[in-house]
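**Student:** Since chain A is already given, all that's left is putting chain B on it; use the hints.
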Amino acid sequence: MTLRDVAELLKAEVIFGKQHLDEEFELAGASDLMSDVLALSRPGILLLTGLANTQSVRTAEIVEAKAIVYVRGRRPSQEGLELAEKNKMPILSTKFLMYKACGLLYGRGVRGMGDR
Amino acid sequence: MVSRHNLSHAFEIKGGDFGKAGCVSLEIKEILRDLGIDPAIVRRAAIAAYEAEMNVVMYAESGKVVLRLNPKVIRITLEDQGPGIHDIEMAMQEGYTTATDQMREMGFGAGMGLPNIKKNADRFELKSKVGKGTSYNIIIHLNPEGGT
Numbered sequence: 001m002t003l004r005d006v007a008e009l010l011k012a013e014v015i016f017g018k019q020h021l022d023e024e025f026e027l028a029g030a031s032d033l034m035s036d037v038l039a040l041s042r043p044g045i046l047l048l049t050g051l052a053n054t055q056s057v058r059t060a061e062i063v064e065a066k067a068i069v070y071v072r073g074r075r076p077s078q079e080g081l082e083l084a085e086k087n088k089m090p091i092l093s094t095k096f097l098m099y100k101a102c103g104l105l106y107g108r109g110v111r112g113m114g115d116r
Numbered sequence: 117m118v119s120r121h122n123l124s125h126a127f128e129i130k131g132g133d134f135g136k137a138g139c140v141s142l143e144i145k146e147i148l149r150d151l152g153i154d155p156a157i158v159r160r161a162a163i164a165a166y167e168a169e170m171n172v173v174m175y176a177e178s179g180k181v182v183l184r185l186n187p188k189v190i191r192i193t194l195e196d197q198g199p200g201i202h203d204i205e206m207a208m209q210e211g212y213t214t215a216t217d218q219m220r221e222m223g224f225g226a227g228m229g230l231p232n233i234k235k236n237a238d239r240f241e242l243k244s245k246v247g248k249g250t251s252y253n254i255i256i257h258l259n260p261e262g263g264t
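Order-wise, the sequence lines are chains A and B.
According to the working numbering, the first sequence is numbered sequentially starting from 1.
According to the working numbering, the second sequence is numbered sequentially starting from 117.
The following block holds chain A by itself, in its conformation from the complex (with noise of 0.2 angstroms):
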């Protein structure tokens, strides 16, 4: 699936990376606690979260991931769109909840980054 696929099927905004959205990803992480992302994650997963905090966007680079997700309509401080800016990382904002935004990738195939 690509980036370009999720913004459709989650209804979300590009906060930024618009010029990456046909890249491809397998995995998914959905979490609110970066202590979790960071014990459990694979390099390249999508990272759904509603931590829209600087240390989100910090911890999906440190987990090389493939682009954020922030659900409930959340969006990134100015100093994490800034950090997302510098390091490449494209950011989604779905007004959809954790649950339902998981639910609808998983349904489309997506699995989960403790999957395999």
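Hints listed in this document are in silico derivations from the structure and should not be mistaken for laboratory results.
All of these numbers come straight from a predicted model, not from anything done at the bench.
Positions of the beta carbon are idealized from the N, C-alpha and C atoms, including for glycine.
Possibly wrong hints are sitting among the right ones.
Reference excerpt, derived from the structure (chain A facing chain B, CB under 7 angstroms, subset only) [claimed, not checked]:
| id | residue |
| --- | --- |
| 1 | Leu-33 |
| 2 | Leu-38 |
| 3 | Ala-39 |
| 4 | Leu-51 |
| 5 | Gln-55 |
| 6 | Arg-58 |
| 7 | Ile-62 |
| 8 | Glu-64 |
| 9 | Ser-77 |
| 10 | Met-98 |
**Tutor:** Below, chain B without anything else, positioned relative to chain A:
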């Protein structure tokens, strides 16, 4: 195996500075990546460094990180001035935490940090003196066969 020059970089971490938390680890990651080290190894080093850095930001007053590289290993040492760890064995268990609400709101403090450093390092030594501080010695082999 590409031979690499020996390298040493020092960084300072300020305790309580949540705004900057993670900057040192991102810098370390960039240095290692620019050297052309295997991305999987860079990622493990970055995660271990980040967990240690977050601990300093969350618990200590300050910390000093040194990144050293020789042709065989990446060594990240971190020494902090802080409260120290009362029971290292407990602290190494997943889920054990003394985090405050502020730390949890930042997405941290789940009691996964130290076990995750251990998971990502080939060798991890942790020493602590209550009331003085904690020191981390993280070693990651550059060759899969290992050997320091």
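**Student:** For a quick check of understanding: which of the numbered hints are violated here, in increasing order?
**Tutor:** 9, 10
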